[in-house]
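Visitor: Protein chains in written order, with this note's numbering: chain A, 1 to 496; chain B, 1001 to 1314; chain C, 2001 to 2304.
If you are wondering where the hints come from, they were derived from the structure by calculation, not from laboratory data. For glycine and all other residues, C-beta sits at the position ideal for the given N, C-alpha and C. Incorrect hints may appear among the rest.
What the hints assert, rightly or not - No farther apart than 20 Å at their CA atoms in a straight line, the calculated lysine to aspartate or glutamate pairs in the DMTMM-like style are these:
{"no.": "1", "chain 1": "A", "residue 1": "K345", "chain 2": "B", "residue 2": "D1260"}
{"no.": "2", "chain 1": "C", "residue 1": "K2071", "chain 2": "A", "residue 2": "E18"}
{"no.": "3", "chain 1": "A", "residue 1": "K165", "chain 2": "C", "residue 2": "D2262"}
{"no.": "4", "chain 1": "A", "residue 1": "K165", "chain 2": "C", "residue 2": "D2285"}
{"no.": "5", "chain 1": "B", "residue 1": "K1219", "chain 2": "B", "residue 2": "D1070"}
{"no.": "6", "chain 1": "A", "residue 1": "K345", "chain 2": "B", "residue 2": "E1270"}
{"no.": "7", "chain 1": "C", "residue 1": "K2071", "chain 2": "C", "residue 2": "E2252"}
{"no.": "8", "chain 1": "A", "residue 1": "K260", "chain 2": "C", "residue 2": "D2214"}
{"no.": "9", "chain 1": "A", "residue 1": "K260", "chain 2": "C", "residue 2": "D2262"}
{"no.": "10", "chain 1": "A", "residue 1": "K446", "chain 2": "B", "residue 2": "D1196"}
{"no.": "11", "chain 1": "B", "residue 1": "K1046", "chain 2": "A", "residue 2": "E422"}
{"no.": "12", "chain 1": "A", "residue 1": "K260", "chain 2": "C", "residue 2": "E2255"}
{"no.": "13", "chain 1": "B", "residue 1": "K1050", "chain 2": "A", "residue 2": "E18"}
{"no.": "14", "chain 1": "A", "residue 1": "K225", "chain 2": "A", "residue 2": "D430"}
{"no.": "15", "chain 1": "C", "residue 1": "K2282", "chain 2": "A", "residue 2": "E48"}
{"no.": "16", "chain 1": "C", "residue 1": "K2080", "chain 2": "A", "residue 2": "E449"}
{"no.": "17", "chain 1": "C", "residue 1": "K2071", "chain 2": "A", "residue 2": "E167"}
{"no.": "18", "chain 1": "C", "residue 1": "K2071", "chain 2": "A", "residue 2": "E423"}
As the list claims (entries may be wrong) - DEER-style ranges, computed between Cβ atoms:
{"no.": "19", "chain 1": "A", "residue 1": "S384", "chain 2": "C", "residue 2": "R2059", "range": "32 to 38 Å"}
{"no.": "20", "chain 1": "A", "residue 1": "E21", "chain 2": "B", "residue 2": "V1220", "range": "36 to 42 Å"}
{"no.": "21", "chain 1": "A", "residue 1": "P13", "chain 2": "B", "residue 2": "I1134", "range": "32 to 38 Å"}
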Amino acid sequence: MTDSKTGYASRPPHPLAEPPESFPYAPSREDPTLAAIAKTHDLWIDGEWRKPRRGRFPTLNPATGEELSRIALAGPADVDRAVRAARRALPAWADLPGVERARRLFAVARILQERSREFAVLETLDNGKPIRESRDVDVPLAAAHFFYYAGWADKLEYALPGGRKPEPRGVCGQIIPWNFPLLMAAWKLAPALACGNTVVLKPAETSSLSALRLVEVLEQAGIPKGVVNVVTGPGEVGAALVRHEGLDKLAFTGSTEVGKTIQAALAGRPVSLTLELGGKGAHIIFEDAPLSQAVEGIVQGIFFNQGQVCCAGSRLFVQEGILDEVMDRLRSRLATLRLGDPLDKNTDLGAIHSLPQWEKIRSYLEIGKEEGAELWQAPAEIPSRGWWCPPSLFSNVTPSMRIAREEIFGPVLAILGFRTPEEALAKANDSLYGLSAGIWTDKGSKIFEMARGLRAGVVWANCYNRFDPASPFGGYKESGFGREGGLHGLLPYLRT
Amino acid sequence: MSATRASKNVAPPSLEEEVFPPFPGRGVDQVGLEERAASLRTRSWKRETKTAALERAISMTDLTTLEGADTPERVRRLCRRALGPAPGLPLPPVAAVCVYPALVETAVATLQGSPVAVASVASGFPSGQLPLRIRLSDTRAAVEAGADEIDVVISRNAFLRGDLSRVEDEVAAFKEAAGGAQLKVILETGELGTFDRIARAAWIACRAGADFIKTSTGKVRINATPATALCMLEIARDFERETGRAVGVKVAGGIRTARDAIHYLAILHETLGPGALTNRRFRFGASSLLDDLCRQWRKQKTGRYQAPEDIPSD
Amino acid sequence: METKDPREERTMTERRDGVHKTYKLFLGGAFPRSESGRHLTVTPASKTAASAQVCRASRKDLRNAVEAAGKAFPGWAAAKAMLRGQILYRMAEMCDARRAEFVELERRFQGARKDQAERDLDHAIQVLLWHAGWADKLAQVLGSVNPVSGPWFNFSIPEPSGVVAILPPERPGLLPLLAMLAPVLVSGNTAVSLSSGRAGPSALTLAEVAATSDLPLGVWNALTGDRKELLPHFATHRGFAANFCATDDPEEVRELRTEAADHVKRERFLPASPASFWRSRKVRDLEWIRSFTEIKTAWHPIGL
Chain A
1 MTDSKTGYAS RPPHPLAEPP ESFPYAPSRE DPTLAAIAKT HDLWIDGEWR KPRRGRFPTL
61 NPATGEELSR IALAGPADVD RAVRAARRAL PAWADLPGVE RARRLFAVAR ILQERSREFA
121 VLETLDNGKP IRESRDVDVP LAAAHFFYYA GWADKLEYAL PGGRKPEPRG VCGQIIPWNF
181 PLLMAAWKLA PALACGNTVV LKPAETSSLS ALRLVEVLEQ AGIPKGVVNV VTGPGEVGAA
241 LVRHEGLDKL AFTGSTEVGK TIQAALAGRP VSLTLELGGK GAHIIFEDAP LSQAVEGIVQ
301 GIFFNQGQVC CAGSRLFVQE GILDEVMDRL RSRLATLRLG DPLDKNTDLG AIHSLPQWEK
361 IRSYLEIGKE EGAELWQAPA EIPSRGWWCP PSLFSNVTPS MRIAREEIFG PVLAILGFRT
421 PEEALAKAND SLYGLSAGIW TDKGSKIFEM ARGLRAGVVW ANCYNRFDPA SPFGGYKESG
481 FGREGGLHGL LPYLRT
Chain B
1001 MSATRASKNV APPSLEEEVF PPFPGRGVDQ VGLEERAASL RTRSWKRETK TAALERAISM
1061 TDLTTLEGAD TPERVRRLCR RALGPAPGLP LPPVAAVCVY PALVETAVAT LQGSPVAVAS
1121 VASGFPSGQL PLRIRLSDTR AAVEAGADEI DVVISRNAFL RGDLSRVEDE VAAFKEAAGG
1181 AQLKVILETG ELGTFDRIAR AAWIACRAGA DFIKTSTGKV RINATPATAL CMLEIARDFE
1241 RETGRAVGVK VAGGIRTARD AIHYLAILHE TLGPGALTNR RFRFGASSLL DDLCRQWRKQ
1301 KTGRYQAPED IPSD
Chain C
2001 METKDPREER TMTERRDGVH KTYKLFLGGA FPRSESGRHL TVTPASKTAA SAQVCRASRK
2061 DLRNAVEAAG KAFPGWAAAK AMLRGQILYR MAEMCDARRA EFVELERRFQ GARKDQAERD
2121 LDHAIQVLLW HAGWADKLAQ VLGSVNPVSG PWFNFSIPEP SGVVAILPPE RPGLLPLLAM
2181 LAPVLVSGNT AVSLSSGRAG PSALTLAEVA ATSDLPLGVW NALTGDRKEL LPHFATHRGF
2241 AANFCATDDP EEVRELRTEA ADHVKRERFL PASPASFWRS RKVRDLEWIR SFTEIKTAWH
2301 PIGL
């Protein structure tokens, strides 16, 4: 394609014939003031904001390390007050005609949509995730969850087979993680409220803002006082909630380690429990995969939300014939990912959520190297403040390495080879976890054979990290039990 | 599928493999492809990047008129527009003017000594349903008339009935007939049915010597789409990876707004990198697109939204 | 007119001159003795009846049982649903065929009246039939096709959880064990059960039924022994995916649940008594089956 071989040798060169050396998108920053964050936050108990008796603690912007606001530290007395408020509110809410609960939950969804930009900015500021994700995934999906479960509120008798009468469990304690603060609140609240339960919600200490903001929406939508209460603070607040004798149900999303302590703590009590815990998702790429899309799937699988996703495809199994090629393609693709200011609309990879999480990821990078795996990191300019980790690939990984077995919860991918489908299945299932898995192949029958064999609650074929309110989500084995989303997501909130 | 790669690992590739890599045979997943293409629409181009992108888009435009009603005067008018897309504005010229063979001479004369190339559709355009001999003579005639670039159509007749080697042989023959002119091979993706087939046709065209692979004639119902462009850019990327030879991509038909054009540039940028942001690697086959590119450019410069009549159309 | 042997007029309960029956364990489809060589004596309900010896399973027997159940799991889970149903149906047939023996055991060790024992057996067989029919319907009733907002085909199906620990009450003998075993096996789980005290002989007789009903080796493994001794080992064994326990002892619940946390085990608890619970319709509950299933959701793009 040189000019010499073409007819336009005689022509002067086109002024823009030479490509630019680089073509950075100009900063396109979402306005942080849209989030309008108050300097301090209180506890939401029984339909009013209550000052904490134990003071407040700061919540930080992970991208800068700066304080965004001060969050109330709930004490056992606050938790008790919240549970009692939920108990008081229960009969009226449970007896409200389903259609009335539905109407209010529809309103929640609508208001969330109307305020979507505000919530997206707020979530990005508090969590560190790219605005692209909070805008396109977290907030719309949160609204969609309320829509979906709103529609169930007056149809619960169709949810249980055999004509069983649908009855709410009662007072639900719900403890949610920091990786999708608003979305996890929606996953928990929407089905619980649709079924007529009342709730004490405990957001993660480092990401309480969107849940507290959601309270405004709930109120605006006409959710009666005491139906939802929000207590904020560190793990000890969650522990106080778990210990509280007034609960009928506890739902927890978080680490397997904490999930186990909760299950043990509830051992002697008639409290129904659902757990959505950790994972080490196996992502399997066959030689006959649609490779360009598979590479996108791998990226979506492990770098979505900086890999801080329980269902992340953090163990990549590539059929040996294409292992080198996939590595090559992956490295080139990762070089195009944009790491930086989460508020910038062109940012692909935001900040790591917190200092402890960042330290954990870093320690695993060291562990991986010590175990003999080979680390490659995408070139990225790391901002001077905040917590960051470039896309990281480990090759020469063996299944026994800790980086291939333990949940890192960061943008770190362990890459392993396999030769046959049987081997892929055996390796994929050789895990204490069983939350998610992915398969890439062009052959339909192979997909079903693999999907059947994988011991995981969610299997993505030729896609990864897809979520939908109608789609049940949850794990096998030590990834927990109970489902969120879909018809099955109602069951934890109805007596069975 | 990875025969070529595997052989690279074992033994030095034969010359034939080097020049004619077999189609990798990998499927294309429509949903994943379309989603990736759509996701790049939300790339935000602001201020100086947007201005630069609009100028790049203008520089990549093949200003096209392919009507039965085309006359020399119409073509001369188009050529003047090609050299200066908006009077009084410091905009780059377009890449080429694209006309039917009968009007090549007019275009050549008007664009003599300018950086704007003359392109001609010349292969029994748009259906390709003429004997090869006539299609080749069509090509040769356009080259002899002075065309710098030849846009040919593949035989969908041969492709759809499965005679892929015929498609390949014909493209090779066009390449030979085009001589020193650049060969753009139109796949007419809207008639191929699936992305798997688009990928295969694109690969065949690259292997047979195309300098550009082009989506469409603009004469059928389905023209260029972002997903099609992405699919073909990925083939160009993979082909270059296999052979070291860079092939350009031209999207044509139905692209009318600057926003669409910038979406394509984002796909180009993120698939082939900034080094491909040149009219040697990418083209827009369009006519009215140029108006909107100019309008948006002026809006960037003045900060005011433009009225339709602010940019005289041709 | 045939003349009756006067011995036949006596029920087996009173017979001490029949062939002695040895009850062993049911492990991996075989009937071994406890590796420990220990036994327990099951005393009859009436002084005139014969006692029996059952194995007193050890921790190692439990280990072997869980291992066998674990090995059997993939095959049983992948078996065609209809086949699983047919095997359970076959078990019901074989139970009926051994009616006299089962009724006899209830009378001898549980002190049941004959008509009650007959009714319990009928009920147990019905429960088994009810479950057998579920095998190839579970996916339709517990599964779903989910209308997601995008070009994906998305469906959810129930799959078995894994190896389930079954701890039935001591009485009645057969009915609770069957009522707990059937909902576990029907979806494709494998099981290890512990029958204690007077329930031992019925459990091992049911094992003989299973062994002649084409139930694949190791799908169900029956232990007999001392519940107090083995419960902690059931509770802590990480080979179990779930516990299915009938008990009236809150301490047992506590112990199982506390230890279950170590492996995030699924749990379902039932009351051990009264016997009327086991004789009621409540033992035909789809939720029992559901408790030992996992919902798997698969996504697949819809495109060309």
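Visitor: Now look at each hint and say whether the structure bears it out.
Guide: So, going through the hints one by one against the coordinates:
no.	hint	result
1	A:K345 <-> B:D1260	holds, 18 Å
2	C:K2071 <-> A:E18	violated, 65 Å
3	A:K165 <-> C:D2262	violated, 34 Å
4	A:K165 <-> C:D2285	holds, 14 Å
5	B:K1219 <-> B:D1070	holds, 15 Å
6	A:K345 <-> B:E1270	holds, 15 Å
7	C:K2071 <-> C:E2252	violated, 28 Å
8	A:K260 <-> C:D2214	violated, 38 Å
9	A:K260 <-> C:D2262	holds, 6 Å
10	A:K446 <-> B:D1196	holds, 19 Å
11	B:K1046 <-> A:E422	violated, 50 Å
12	A:K260 <-> C:E2255	holds, 14 Å
13	B:K1050 <-> A:E18	holds, 18 Å
14	A:K225 <-> A:D430	violated, 47 Å
15	C:K2282 <-> A:E48	violated, 44 Å
16	C:K2080 <-> A:E449	holds, 14 Å
17	C:K2071 <-> A:E167	violated, 40 Å
18	C:K2071 <-> A:E423	holds, 17 Å
19	A:S384 <-> C:R2059: 32 to 38 Å	violated, 59 Å
20	A:E21 <-> B:V1220: 36 to 42 Å	holds, 38 Å
21	A:P13 <-> B:I1134: 32 to 38 Å	holds, 35 Å
The structure fails hints 2, 3, 7, 8, 11, 14, 15, 17 and 19 (numbered hints given earlier, in ascending order).
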